[in-house]
Each structure stands twice: as C-alpha cells, then as structure tokens.
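Undergrad: Top to bottom, those sequences are chains D, A and E. Using the working numbering, the letters of the first sequence map in sequence onto residues 3 to 241. Using the working numbering, the letters of the second sequence map in sequence onto residues 1286 to 1634. Using the working numbering, the letters of the third sequence map in sequence onto residues 1149 to 1437.
The hints are simulated quantities; they were obtained by calculation from the structure and are not laboratory data. Predicted model only: the values in this text are computed from it and were never measured. We put the CB at the ideal spot given by N, CA and C, even for glycine. One or more hints might be untrue.
Claimed, not checked - Reference listing, derived: stretches of chain A covered by chain E, where coverage requires no fewer than 3 residues with Cβ under 8 Å from a Cβ of chain E:
1) 1293 to 1300
2) 1388 to 1397
3) 1409 to 1422
4) 1533 to 1544
5) 1602 to 1610
Claimed, not checked - Simulated coverage check for chain E against chain A, where a stretch passes if three residues somewhere in it have a Cβ under 8 Å from a Cβ of chain A:
6) 1225 to 1235
7) 1241 to 1251
8) 1259 to 1273
9) 1408 to 1417
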Amino acid sequence: MAILEIKNVSKFFGGLAANSNVSFSVEEGTIMGLIGPNGAGKTTLFNCITGYYPPSKGEVVFDGRRMNGLDPDKVCMLGMVRTWQKVRPLAKLSVVDNVMVGALARTSSLKVARELAMEQIKVVRMEHRADFIAGGLPIGERKKLEVARALATQPKLLLLDEVMGGLNPAESEEIIQLILDIKQRGLTQMVIEHDMKAIMRISDRIVVLTSGEKLTEGSPQEVVSNPEVISAYLGEAHA
Amino acid sequence: MDKTILKAIAILAVLGGLLAIPRFVDSPYALHMMILLFMSVMMGQSWNILGGYAGQHSVGHAAYFGVGAYTTMMLMHTKQIAPWIGVWAGIALVVVVALIIGSICFRLRGPYFVLASIAVAEILRLSAINLTTLTNGAEGILATELPPFKVGGAIITDFATKVPFYYIGLFLVVLTVGVTYLVQHSKLGYFFQAIREDQDAAHSLGISISLYKNIALVLSAVLTSLAGSFYGIYVGFVDPPTVLGLDVSVQIMLICIIGGMGTLWGPVLGSLVLVPLSEALRSNMITEALVKIGLVSPESKIGIFLKENLSHAHVLLYGILVVVVILFMPDGLMGFIKKLAKRRKQEAV
Amino acid sequence: MAVFMQSLISGILIGGVYALIGIGLTLIFGVMRVINFAHGDILMVGMYLTYIIFTMLGIDPFVSVLITFPLMFLFGGFLQKVFINRVLNALAQNQILLTIGLGLIMSNTVMLIFTSDYKILTTSYSSSTIQVGGGVSVSTPLLISFLITSAITAALYWFLLKTDTGQAIRATAQDRDAAQLMGINVKRMSIIAFGLGAALAGTAGALISPTYYIFPQVGGVFTLKAFVITVLGGMGSVVGATLGGILIGVTESMSAVYVSSGWKDVIVFVLFLLVLLFKPSGLMGKSRT
C-alpha cells in the first residue's frame, strides 16, 4: 500500500520551476531513494511534502490524507518528519533535551519524554553523549542526533535529507546500518543522497530528478543501467 | 545529600528570611529598596519567559507594563475600584493587547520583530499622551489614596506603611519565579527553547510556532502587567514616559541581559546588581564614598560637579553595563559564573 | 489649496533631512547587516557639536557642517572599530543591544556635561520665512537645510556610483564574502560606511539645530524615524531611504495639518507596521519569496 503519493507536484519561484509535474508514490515499509544532480529540486520537493512550501500545483497525499497547505507541525503530528541537509541542532540544549523536544510531540510528561528520548539515543548509539551540549558535537554525531530527534516524534514516514553528506566512509557506513535498522522496525523512509553506492545499497526504489522534473523511476538496477541517468550524472561530472 | 534537596532548603531559608525582614527592619528606606528589588525581579523574569526562553527579544515590553499600570490606576482614580480588583481588568486588557501584538509581530523575524515591538509600544505611549479624556494625557494620573484591604469586614491593612507593599511585592516575585520554574520544567519550556534555538527545526518537530510564541507572549505580558499595576499603586503616579517609554522596555531587557537570559536566576542576579548600583548613583552615595575615601574633595570643582550631576546619570551606568556585558560576557553574569565554575572544575581534575 | 501646498512643501523640505538620517542608517545596515539603534543619539551628538561650535566660536550652524561632517565621520569610524566590529558575527539581538547601550552612553554622557535642560540655538534667521507665492511661505532655515541636504545627497550618490571606494562599499553591501574574495578590504569599508552613516546623521543634527530643541534625549525619536524610513525604502537601499525620508516628511506634515500634530507620529508608526506586515522588503526593495 502506498503511504505517500506525490501527484503532479509543481513548485514555482517567480517564473522559475523548481519542481514541475513530479509524481511517484512510496510503498509502506520500503526505502525510496531520491537522487539527482545539484539543483535538481530534491530539497524543494522535501519542503513541499513537509509543509514548508505550499506546492504551486498538484497534490501530496499521505496516509490517505491530502497534505497541501498543512503547516510543518501538523505534518509532523500526522506522522511525517524530516531531517535537514544542513543540520539544525538546538545548539544550546543537551543531546537528550534535543531528542526530548521531538518526543514531546507525543506526550506531555517530561518523564515519559525522557524515556522515549533515551530509547532513540540508544538506536543511534549515542548514549555516552546524552548530556553533551548539541552545539559542541562533531558533524557525524550531529547528523545522528537529527535522526534520533526525528524518530522520537514517532513517525510513520521518515524523510532524510543527505544524512551522509560531509561524513567520512566509516561514519557513512554507520548511517547506512542505521537506516537499514530503522527499516527493520517497519518504518518507511525517503532518502535524498549524493553517494550513489550508498543509495543503491539501501533503496528499494529510486526516483531520479533533473532540473525539477522526474527523469525516471525504478529499482536500483533499472536506474543505474538507464542511459539517461548515466548521461545526467556524467553531464554533471563534466560540467 | 541530594543536590535538589539542598537547593530546596536554601531557597526555603532565603524565603523565610525575606518573610521575616519587616519584623526586624523598620527603616522605610530599606523596605523601599527591597520593594524596588522585587519589582525589578518581576519585570526581568516576565521578559525572560518571552525573550530568554522563547528567544523573542521584545523591545516593547513597556506596552504591557504601561497598560497594566494605567488600567489599575485609571479604575482606582475615576471609578474608585480597588486595585486588587482593577488589576484583573488590567490583565484582561493586556491579554487582548498581547494577542493583537502577537498576531502582528510574530509574522516577522529577527530585527523586524524588534522594530515592530518598539513601534507598537510607541503607538501606545503616544495614544496615552493624546487620549487626554481617558488618561489625563501627559500630566499622568496621581492616585495615592488606597482603600483599606478588608477580608470579611476585618481590615487586614490600610497601606499606611511600606510593609504591606513589601509582602505584595514578595508574593508577586514568588509568583513570577514560580511560573518561570514551572515553564522551565514542562513541555512549554522545551518548546520555547526549541523555537529560540531554531524555528524551522522546531516547526518540523510538531511544534506550532505561532501557538507557542503567543503562549509565551501572553504569560510574559500578564506578569509584566502585574508588575506595572504594582508599580502604579506603590508609586501612586503614572505618566506616559515613566510607564510606557522606550526606557522602560530597555530597562526590563537589561535586567535579563545582565543577569543571564533564559536562566531561572538570571533576572534575580541582574536585579541584585542593577538596583543597588543605580540607587547608589541616584542617591549620590558614590560621590559621598569618593569624598570619604579622600579621592575627591567635596569643595573641588569635580566634587561639586559629581554631586550635582552623578545622581542623574544612573542610566549611563546601564549603557556601560550593556556594552561590557555584550562584548565580554554575552551570556550574562549567570553564563560568566557557569564558565568560571566549569574552568575551576577542569582545573581540579 | 494653499494649506495643502504649504504642508506638502514643508513636508518635502523636512523630508530631505529625514532622508539624510535614513541614508546613514541604511548604509550601515547594507554594509554590516547591523541595525544601529544609536543612530538618533549620533544625530544628537551632531546637534550638540553644532551648538558648541556656535556658542564658542560663533560659527553659523550651516557653515559648521564643514567641521561637523569630518568630526562625526571620525566618531563613527571609532565606534565601528572599537565596538561594532566585535559583534559583526554575533546574534542580531546582541548587535541591537550593543548599539542601544552605546546610545545610552552617548545621551547620558551629554546629559552629564550639559544637564538635561533644553538648549536653543537662535540664529538671525531662525524664525524668518520666505514667500514663494500663492500664499505659501517657507521657513528660511528649513529651505537652506534642504539645499545643503540635496547637495550632500548628490555628492554621496556620486561617491557611491563613481569612485572606487564607493563601488567597493556597494560591493561589500551586496555580498560581503564575495567582496572579500575579490580583494576588497571589507573591514576598511565597514569603517568608512559607519563613519559615513554617523557623518550623515551628525550633519542632519547640525541642519535641524536652528529649528529644534536640543536636549540629550532628542535622539530616541530620530532613531525610530530612521527605522521607519529605511524599512519603508527597503533595508540597505540608498535610493529607497531617500524616497522614504521624503515620504515620511510629507506624511508627518500632512497628518499634522489634517489630523492633529499629536497623532502624526502615531500615523507614521501605523504606516510602518503596515509596511512591515505587507511588504517587509520595503517599497523599493525586491520582494522575497
């Protein structure tokens, strides 16, 4: 069953189309990869899905419900949560307090929220950092903190915007394992990623965007052997 | 012993001491100083909820202070309504004003929010000057006759001394600090701080930005208006510049900034520094001290100059303090103390 | 009709001075992204400077602009170098607070020296007027100050558009990082911009000193007006500030005549809030999406 349906979504800024006529759907319990060269409109699409921009045209249907025009907080409460390409830790708060903010979306009790937060901190293996101030963490751990905080809101669909960006291979590997772990728990994920190897390993299906439009969609094997995809990426490499 | 228990005992001891002070001290001046201190803590702490925790740096808090002060005073002066009843009218009006201001200003971010908050307070100040039939204009309202406070026919106090004001002030301080403590230790506090640290991130985590900003504003405004009402009845006089002026807004902020924003004890610390210092300047204590230690001769030109002018310049001290704090301890005295404590700890290890 | 023309003309004339104040603030904001809450206090310092020069040396306020301008430039450069420069990367609220603090120091130091008494600078032409026909008369000092303002504004435009330093300032305002990469001495440009901003505010102070009361707290009103003007014109836009200044001058003088002089400032602030709400980028600014 499709948990998220993107139907002909377009987003214009002034006269420029950052997304035009993008359609695809994400099946429950799977990982959808979203790839494309820089400026292809991946993050814009995330923003349209999660309520940061209203789509100029088209529809976003999540869990059978039309999401257009809902604010990000409503989107989160309905079970869809995102992380940020440029991490946004609550810098002056401790790691556990950061994650508690997420958990408080579902409970009003600080005690319960703390327990929920500690669970998610364990999931990302940062127990030893729980009392550290978030602003002082190295980038790898800030990325993991984002994931833990998002998980604490108890989403049905997790949208990850380049969680591996700027990480070294060992850290990336850790994130890949984390994403696969999360999938094991039955959570649906949509992942924007630049690292092709990583996205091939984790995705069940992949959507390719170029200049705001959907180029193609398919299994990782189909996508990687598609000549158009190859030329889009080579084009970027040559530019 | 547990650290929290120790803290609780310390707080109770201080509170007990404060409750006992009027029994042992009957100098009206000492009580007056304490009342000023209470007022300052209330003002700073109220701003702290919005500015310190939720990160919305209003430079227009005079609006709430003034509306509270004016409503209570106007009702007492023209309708002979006792201030402990009038204060509720003030609160109701301030909630309305706060929600209007919130709906305007919270659509703006950063410097634009600051400018809008100033503009709103200025509009109120100018209105108070111009609506002469209602507010008596620039002349202000003088109302010093407080009705006696009765419970079931028995007169509790007739406000002849400063003691009742002392206890009201103490009660209001406990109330404001208590409210802040509850905020800090609840979902609200977490959400406010999340909004302060990163509005977009907070939004993505299910926090309704406008709802929680408005909650912070209303809480902050109501407490500020209480402080304003208390100021009005204690001083017995309000006029546009003293309760609605930009200076008031700046002073409210200063208490927090100097003490430390977003901390429970910051405004208390800030008040403990600011109130005695500005009072020392105002009452010429500093000049007298300089004369006493022989640095300045009272007959010299400098001595005469200081004596005549230094008392007007307590605001100069505010200015210098702000500049020093922003440049050298941007987290205020609380932040500075915490940093020192940390350094000590590290040295010990 | 004569009343209308009268208030329109005096609005434009006072608007010229407002433009000068606004341009100063917008220059500082453009180059440093710092909102200078001490702007009105700098203007106040300019007023007192003019007053001192007038009472001690007997130099006419309009002539003494030649002394005030460079002195205020140095003062602004000093403020930038010693204080503002340290908070360029700090939180916006800390920048605002720092400038509020500097403003308080200025106004209260002046109060210590001159007390808070109102001073009046009376020249032979302070209250004289010139008939321009149609029953419309114009205050002489206002007219002279407008002419000087226009000359300064024209010179400033020339400086910003035609000289290397001016272009470097504009480049810094457009993109600080890129300007730095291009080899522009951004720090120096900041000092010049703050110096210019202060000089313009100080000059505005000098120009209004024959017609205004001079007192230490006079700056507050002008700080607020300067914000209104720059937000109206679009933060960072020099042309916007010029037009914004004139617009505010006219609005004020019209509302003083047709509403009441007590409410004119309220009208200006309400206008300000409306602009903030519906066109926060200002009337001249590019709209943001």
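Undergrad: Hint by hint, say whether it matches the structure.
TA: Hint check:
1. 1293 to 1300: violated (count 0)
2. 1388 to 1397: holds (count 6)
3. 1409 to 1422: n = 4 at 8 Å, threshold three: holds.
4. 1533 to 1544: holds (count 3)
5. 1602 to 1610: Holds: 6 residues of the stretch 1602 to 1610 of chain A have a Cβ under 8 Å from chain E.
6. 1225 to 1235: With 3 residues close enough to chain A, the hint holds.
7. 1241 to 1251: Per the Cβ count (9), the hint holds.
8. 1259 to 1273: Answer holds; 4 residues pass the 8 Å Cβ test.
9. 1408 to 1417: holds (count 6)
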